[in-house]
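Please work from the sequences and hints to get the whole structure.
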Amino acid sequence: MPDLLAGSKIRALDTPPTVYALDGTVIANITEVTYTVGTPEVGVTFTAPTTGRVTISVGGGLRNNAANADRVALAPQVFEDDSSGLEVLAPTVLRGVSSEGIATAGDFAYRGHTSMLDGLTPGQEYYARVMYIKFGTAGSTPDITARDILVEPAS
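My numbering numbers the first residue of the sequence shown as 16 and each following residue consecutively.
Just so you know, the hints here were simulated from the structure itself, not pulled from any lab data.
Values in this document were obtained by computation on a predicted structure and should not be read as measured data.
No residue lacks a Cβ here, since even glycine has one placed at the ideal position from N, Cα and C.
Be careful, since some hints might not be right.
[Unchecked claim] Computed spacing ranges between beta-carbons, pair by pair:
1) Glu102 x Ala124: 25 to 33 Å
2) Gly138 x Glu115: 13 to 21 Å
3) Ser98 x Gly138: 16 to 24 Å
4) Glu115 x Ala169: 28 to 36 Å
5) Gly138 x Gly39: 19 to 27 Å
6) Thr136 x Ala43: 34 to 42 Å
7) Tyr35 x Leu101: 22 to 30 Å
Right under this line is the structure:
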């Protein structure tokens, strides 16, 4: 994949637009222990730049509302074309954010994480969405108040 260096001729494909989605729907008393999409789904369609690299940021308002070690995490998932296409990035907490495994007295902590995704096919359309998962065994105590995703072309 070519790098965009000083003096390079810039084409439209080199810098496709940044895309962003946000939803503030509260998802309460989360029990899902496998990655889940959520309702409504929070996702964006983007075109890979000439470099084949983008940064993906996910974030949200997270909390554990009981005195146990449960937590909830958000992570990105990416497909070619749309959500029925080939998965090119599986959701993993290493690319996401997590609530603390302590009771937060009803307060949400807003946090985010940005990571690089490379090896994309320039000009190919992709779909990225936010997934969530609960960690712990104490019950259904974590909540989400916001989920967001941002995808930006990277050089």
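So, going through the hints one by one against the coordinates:
1. Glu102 x Ala124: 25 to 33 Å: holds (29 Å)
2. Gly138 x Glu115: 13 to 21 Å: violated (41 Å)
3. Ser98 x Gly138: 16 to 24 Å: With Cβ atoms ~20 Å apart, the hint holds.
4. Glu115 x Ala169: 28 to 36 Å: holds (30 Å)
5. Gly138 x Gly39: 19 to 27 Å: violated (33 Å)
6. Thr136 x Ala43: 34 to 42 Å: For Ala43 against Thr136, whose Cβ atoms are near 39 Å apart, the range 34 to 42 Å holds.
7. Tyr35 x Leu101: 22 to 30 Å: Holds: the Cβ-Cβ distance is about 24 Å, inside 22 to 30 Å.
Violated hints for the displayed structure, listed by number in ascending order: 2 and 5.
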